[in-house]
Structure formats: C-alpha cells, structure tokens
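Engineer: As they're listed, the protein sequences go chains A and B.
So the first sequence is numbered by the UniProt record's numbering: it starts at 1 and just counts up by one.
So the second sequence is numbered by the UniProt record's numbering: it starts at 1 and just counts up by one.
Just so you know, the hints here were simulated from the structure itself, not pulled from any lab data.
Even for Gly, the Cβ is constructed at its ideal location relative to N, Cα and C.
Treat the hints loosely; a few may be bogus.
As the list claims (entries may be wrong) - Dumping the calculated SDA-like pairs for lysine to any residue here, alpha-carbon to alpha-carbon at most 20 Å:
| # | chain 1 | residue 1 | chain 2 | residue 2 |
| --- | --- | --- | --- | --- |
| 1 | B | 167 | B | 154 |
| 2 | B | 278 | A | 80 |
| 3 | B | 178 | B | 277 |
| 4 | B | 167 | B | 330 |
| 5 | A | 109 | B | 282 |
| 6 | A | 108 | B | 277 |
| 7 | A | 136 | A | 146 |
| 8 | A | 109 | B | 271 |
| 9 | A | 50 | A | 23 |
| 10 | A | 136 | B | 382 |
| 11 | A | 108 | B | 278 |
| 12 | B | 178 | B | 62 |
| 13 | A | 108 | B | 207 |
| 14 | B | 178 | B | 112 |
| 15 | B | 256 | B | 244 |
| 16 | A | 136 | B | 212 |
| 17 | A | 50 | B | 296 |
| 18 | B | 256 | B | 187 |
| 19 | B | 278 | A | 94 |
| 20 | A | 108 | B | 279 |
| 21 | B | 139 | B | 271 |
| 22 | A | 136 | B | 28 |
| 23 | A | 227 | A | 194 |
| 24 | A | 109 | B | 213 |
| 25 | A | 50 | A | 81 |
| 26 | A | 109 | B | 114 |
| 27 | A | 50 | A | 24 |
| 28 | A | 50 | A | 94 |
Unchecked claim - Which bits of chain B does chain A cover? Going by a derived footprint, with three or more residues having C-beta under 8 Å, they are:
| # | segment |
| --- | --- |
| 29 | 170-180 |
| 30 | 289-302 |
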Amino acid sequence: MAATPLLEISGIDKSFGPVQVLHDVSLSVYPGEVTALVGDNGAGKSTLVKCISGIYTIDSGTVTFDGNQVAIHSPRDASALGIEVVYQDLALCDNLDIVQNMFLGREKKRGIVLDEPTMEQMAGDTLASLSVRTVKSLRQLVASLSGGQRQTVAIAKAVLWNSRVVILDEPTAALGVAQTAQVLELVRRLADQGLGVVLISHNMNDVFAVSDRIAALYLGRMAAQVKTTDVTHSQIVELITAGRSGNIGLPPEKPSDFGGEIVDITPGGDK
Amino acid sequence: MTTTTTTAGGVKVVKPTVASHINDYWGRVRGGDLGSLPAVLGLIVLCLIFGVARDTFFGALNFANLFSQGAQYIFIAMGLVFVLLLGEIDLSAGFASGVCGAIMAILLTNHGWDWYTALPAAMLTGIVIGFVLGFLVAKFGIPSFVVTLAAFLAFQGILLKLLGGGKNISITDSFVLKLANSNLSVALSWAFAIIAVVAFALVQLNTVRTRAARGLVTDPMGIVLMRIGALAIIILVATAILTQERSINPVINSVKGVPIVAPIIAFFLIVWTFVLGKTTYGRHLYAVGGNTEAARRAGIPVDRIRISVFVIGSFMASIGGILAVSRANSVDPNTGGSNILLYSVGAAVIGGTSLFGGKGKAINAVVGGAVITVIDNGMGLMGYTAGTKYIVTGLILLIAASVDALARRRAASTGNR
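I would like the entire structure built from these sequences, with the hints used as guidance.
Structural biologist: Quick look at the structure:
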C-alpha cells in the first residue's frame, strides 16, 4: 500500500455560528485504497465532506493534496484538483440521457456546437473502464435506469475527469442486495485503478467488505483512523457510538473538552 | 431476438433495427413520453372533420390563411416553450407582444422611422421586458406567476397609454405590411422548399455518417430515410398547394405562392431547435428544468439561465406582435389581448411541452399552434359562434393538459421519468 497520502487534512475546525461542528479533525486518503468514513448521525461526516469539496470553507487547519498544501474555496477548486463527490441524491437530471448527464456542465464543443460523438465515445470508454458492459443504449434517459445503474452513472460521471479522489456519500443506502454488491465492486475497482476513494456508509458490512482503512467520527472529532484488518465490527461500532474502544479512540472525556478553560461550578467554589 | 453490438469503449448495446426502433418509440410513448404525437394525431383528425364538413377548408386560399392566422400564437408559443421548460410561466407575453407592436407602429407612423430601425426597436423592447421579468423572478425569487400577472395588467395599461387612451394607429410601411400579408413568388417558394428538404436530408445523413465513422450506434437507415421522406412529402405537397392560384379573380389580382410568414416560422423553428438541441445553453436549459439542484452543482449559472428564458420569451412575443400588427395593418388596445396569451400557452402545451418543466421542443409550438388555428379557422368556416369556439378550444387544452399530467404519472410509475 502506498505510504504517502494523496489527500491529507489535519486540524480542521468548522463552526456554524456558535456551534462547533468539527474539532481538530484529521483524515488521510491514500491512493489505491478505500477509506471508509463512518460516524453516527450528526457526527460531522457531511460537513467534513463539504469542507473537502469546497462547499464550506474551513475555519482553520490544513489541506495537503499530493504533497502540496492547497486552499479549497469552491467546488470548482476541488474539481480542478481532481476531487469529485458523488452525493447521496446523485444529482442526475432524469430528463437527460446517460451521456448528457455525465458531461453536464463540462460539455465538449466543436465551435458552438456540442460535440456529441466525442462525448459519447468518452462516456463509453469510461463506463467500459469501470467494467459496465450492459446498458441498452448510452442515449437512454436516466429516468429509465435502475437505482444501481444510476449510481453507476453518477460514479462514472465523477471519474470521467481523471479524478484522483472520489468521495461517495452513502452509495448503497437505497439499493437492493444485488445492486449493492455491484456498486461495492465498482468502488473496489476505482481504488484498484489507483484513485483515493472515500466511502461514507452506515452499513458495517459494506465498510468491512471494501475498505482498507476506517475513519470514525464521533461528535465532530476524529475518534480513530485504523486499518480495517486491525479492528472488528464491534470495535468500530463502539468507536461510532462512544468515541473509543479499548485503547483506541478518543481519550476519556475531560472537562477541558468543553470550551477549553475549566470553569468551576462547585457551589461555593468561587472564592 | 435482439442482436447486440459494441459501441464506444466496448460497451454492449442493443443494435437497433427498423422494427426495434419503432418498438422503442412505442415503448417510450406507452411509458409516458408522448412528445408531439397526440397533437399530430389531433391535427389530422381535426383536418379530416373540417375537410369533410366544409370543402373550402382544404382549399388553397384557406390553407394559406392558416399561416398568417396562426403566426402570432406560434411565435409567442415558441418563446413560452423556453419559459415552460424551466417550469415557469409568462402570463404577460400577450400584452408584451401588443406593447412591442405598438412601439413599432408609433415609430413608423408617428415618428416616420424606417422599418429597419422600427423593427429592431420593437424587438429590443421585447428583450428589455424579458430581462426585467427574468431579473425579478431569478434574483428576487418572486414566483413567475405573480411577476407576469402584474406585468400582464401593467402592459395592458402601457398599451392604452401608448395609444393615447385607446386610439387606433394604422401603419403604411410596405415592408411591414408584406410580412403577414404577402407571398413569395412561385419560383422562390419552390426554391425554399427544395433547399429545406435537401438541407434536412444532408444534416440527417451527415449525422449517421459521422457517428458510424466513430463506431457509435446509429439510427437504422430505414428510419432516417422515412424521416426525410415524410418531411419531403409534407413540404412539397404544401408548396404545391400554396403555389396554386387562389385569387377569386385572378385576372385583376393574382394570389399565389407560399406566405412570407411560413419561412419566418421555419427560420425561428430551425434556430431554436438548434439552440435547444445542439448548444451547451440548450443542454443547460433542460438540466435546470429537470433538476435545478443538479444543474447548480454542475456549475451551471441557474439564475442567468432563468433570466435568459424570459428574455427569449418576450423577444418571441415581440416578433408575434410585429406580425399581428402587420396582419391587422394597425395596432389597437386589444392587440395581444383577449385570448392570444391563452391560445399561445395552449399551443405550447397541446404541442407537447410539459407544464412541469424539463420537457419541450420548438416544434411543439408549431404543431400546437397549428391545432389551435385549425380549430379556430375550421369552426369559423362551419359557422359556429365565438362562444362555441372558446368552449371547444378550452376542452382541447384541458385534454392536452390531462395528457401531460397523466403521461407524467405514467412515466413515474414506469420509471421513465
């Protein structure tokens, strides 16, 4: 496995007004590996992803991409670096076909005319490289595709642009058993092609099936980032629900975790 | 029974044959993707009914009349297709066309401007109106229904004020008068018809050729030839009818040739079909209409697109207004008023443009406009009063809107949307 991370973020803080959502979060994404990002609802997974993809700006902390420190201010900055996010709602237009969706916002043109043959060819090549070999037509409307096929199109859209890091937000949440297996296989294949993959999931089976590393968020803190082979299901569940498991995870809660300075609220202690 | 072929990158797809192509089309129709099909069928049925009831209906004179009669609806409807594609509505398009027409008439008659300055001034008025409407909708987030309802009332007032409290301004500029009232010469009519057919054939065949050269799946040749043949028959038969002598007294005043509005309609049809189908802008329009959030995330400037559709809508309304003034030889406070807006919205919807956004083509305006005009014209010939005509047109619009809504529901249940 590669030794240097492709994307490394460290010490990220993010607040919305008085609410601090991320505390000193660090995460490393390695090329050729699937890093699962797990955490309970409200742990800050989505916020973290939005910080990486440039939808939110970070309050403090550093982002290092490919060894260089970078600043990501907008989704365009993230795409320019090669960071693509596949959101849970997929962001596909039902009234457009597969090719049109894959190139949405970045259409190929010849003069002022859309270069449909080139786009169709590139879309076909990308789908083939992901070993997708059964669609009725590349010109099929996305509306007529199954959930798994849509997920595949959304992922193909993300890797079309020589992406380096692909972040998948719960790609299997709405899928049946067979389709889940297909999508997980696809996720694995992305990593095998050398991309850094971040997989957000609530499903421990999925996480253990494809991930190389697991990063667990607990109440806005990174509880632990561990190799999948070093931990068990129950340890991860403990990390998600309690923030620590045995000797891994966050240290036991200290008063200093709440606001930095110790306030003595013992009655009569204020003397 | 299906043979598969490989296309770009080795993805296996079903190789279409003539039969499978027709089958696919039928499948899409059954799945709720109707397009202009109901309107085309309706148009044929209506024509047959009126043709049987009154033999003058199919006469060259009446056929030529249909073009200038329907032009205003068709132009306004073409603009409305863009607005409807985003799921918005423009209720002010009718009176916007009246205001633009009045401005042209005032500049021509009262200020002695030439047509080549007065016409652009009217079109510019349309563009400005559209920009203001679009800006209010996109930037302030006011529902388009309310913005354009307010504009509907205001433009009605502006039109009255412009015409000095309800006077009638007539125009004498021969160029403007010709637009809706004159015909191309017979030779020019045939030249246009043949150029149109040849150009369509070349575009179709070229598409097949370039796709085949790249190893992509093409439409079966039989279908392509059928498409070319159908268009050729429609255009050539229409030209043949329109180049007949249709004057009641040919010795005094010979009337033959394709009405000038027909190539104007064709011009805008081609331009907007190209814009919607072949340009990035058109693609982004459909995307915003289909899934605004996805479009925004793809980096499409949603607000600018939203403003642009109102600009196109009001611009096309100005063209409709110019043609309406030309046809009536004058402008009055009711130009663009009464049922014109509703007929135009009806034309777009009957033609197959969805009221829910994301689905529609420029051709919908032409087909839908033809249906509306044929009803109006045919029932007039049969001697029905305006009251009956409105009721029937209303029913047809209701049917079209139900077809749209039912198709949408069916599409949802078959996963076709």
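Engineer: Run every hint past the structure and note whether it holds.
Structural biologist: Against the structure, the hints come out as follows:
This hinted pair checks out: residue 167 of chain B and residue 154 of chain B have alpha carbons roughly 18 Å apart, not beyond 20 Å. Proposed proximity of residue 278 of chain B and residue 80 of chain A is contradicted: the alpha carbons are some 26 Å apart, above 20 Å. A hinted pair counts as satisfied when its Cα atoms are at most 20 Å apart, and residue 178 of chain B with residue 277 of chain B does not qualify at roughly 32 Å. The hinted pair formed by residue 167 of chain B and residue 330 of chain B meets the criterion: a straight-line CA distance of about 10 Å does not exceed 20 Å.
Note on residue 109 of chain A and residue 282 of chain B: the hinted pairing holds, with a Cα-Cα distance of about 13 Å set against a maximum of 20 Å. In summary, the hint linking residue 108 of chain A to residue 277 of chain B is supported, as the alpha carbons are separated by about 14 Å, within the 20 Å threshold. Under the criterion of a C-alpha separation no larger than 20 Å, the hint pairing residue 136 of chain A with residue 146 of chain A is consistent with the structure, at around 12 Å. Between residue 109 of chain A and residue 271 of chain B, the direct Cα distance comes to roughly 18 Å. Compliance with the 20 Å bound is thereby established for this hinted pair.
Only pairs whose Cα atoms come within 20 Å are accepted, and residue 50 of chain A paired with residue 23 of chain A is accepted, the gap being roughly 15 Å. About 50 Å separates the Cα atoms of residue 136 of chain A and residue 382 of chain B, which puts this hinted pair outside 20 Å; it is violated. Taking the CA atoms of residue 108 of chain A and residue 278 of chain B, the gap is about 11 Å. The hint holds against a cut of 20 Å. Distance check on the hinted pair: residue 178 of chain B and residue 62 of chain B sit about 18 Å apart at the alpha-carbon level, within 20 Å; holds.
Taking the CA atoms of residue 108 of chain A and residue 207 of chain B, the gap is about 17 Å. The hint holds against a cut of 20 Å. Straight-line distance between C-alpha atoms of residue 178 of chain B and residue 112 of chain B comes to about 18 Å, which keeps the hinted pair within the 20 Å bound. Restraint check: the Cα-Cα separation between residue 256 of chain B and residue 244 of chain B comes to about 6 Å, which is no more than 20 Å; the hinted pair holds. Distance restraint check for residue 136 of chain A and residue 212 of chain B: the Cα-Cα separation of roughly 18 Å lies within the 20 Å cut-off, and the hinted pair is therefore satisfied.
For a cut-off of 20 Å, the pair hint linking residue 50 of chain A to residue 296 of chain B stands: about 15 Å separates their Cα positions. Between residue 256 of chain B and residue 187 of chain B the alpha-carbon distance is near 11 Å, which keeps this suggested pair within the 20 Å criterion. Under the criterion of a C-alpha separation no larger than 20 Å, the hint pairing residue 278 of chain B with residue 94 of chain A is consistent with the structure, at around 19 Å. Among the hinted pairs, residue 108 of chain A with residue 279 of chain B is consistent with the structure: their alpha-carbon atoms are about 10 Å apart, no more than 20 Å.
Pair hint residue 139 of chain B plus residue 271 of chain B does not hold up; C-alpha atoms about 28 Å apart against a cutoff of 20 Å. At most 20 Å may separate the alpha-carbon atoms for a hinted pair to count; residue 136 of chain A and residue 28 of chain B meet this at roughly 14 Å. Among the hinted pairs, residue 227 of chain A with residue 194 of chain A is consistent with the structure: their alpha-carbon atoms are about 18 Å apart, no more than 20 Å. With a C-alpha separation of about 18 Å, the suggested pair residue 109 of chain A and residue 213 of chain B falls inside the 20 Å cut-off, and the hint holds.
Annotation: proposed proximity of residue 50 of chain A to residue 81 of chain A holds, straight-line Cα distance about 15 Å (limit 20 Å). Distance restraint check for residue 109 of chain A and residue 114 of chain B: the Cα-Cα separation of roughly 40 Å exceeds the 20 Å cut-off, and the hinted pair is therefore not satisfied. Restraint check: the Cα-Cα separation between residue 50 of chain A and residue 24 of chain A comes to about 16 Å, which is no more than 20 Å; the hinted pair holds. Restraint check: the Cα-Cα separation between residue 50 of chain A and residue 94 of chain A comes to about 24 Å, which exceeds 20 Å; the hinted pair is violated.
Note: the segment 170-180 of chain B has 0 residues with beta-carbon separation from chain A under 8 Å; the three-residue rule is not met and the coverage is violated. Using a Cβ-Cβ cut-off of 8 Å, 10 residues of the segment 289-302 of chain B lie near chain A, which meets the minimum of three, so the contact claim holds.
Violation of the numbered hints given earlier is confined to hints 2, 3, 10, 21, 26, 28, 29; the remaining hints are satisfied by the structure.
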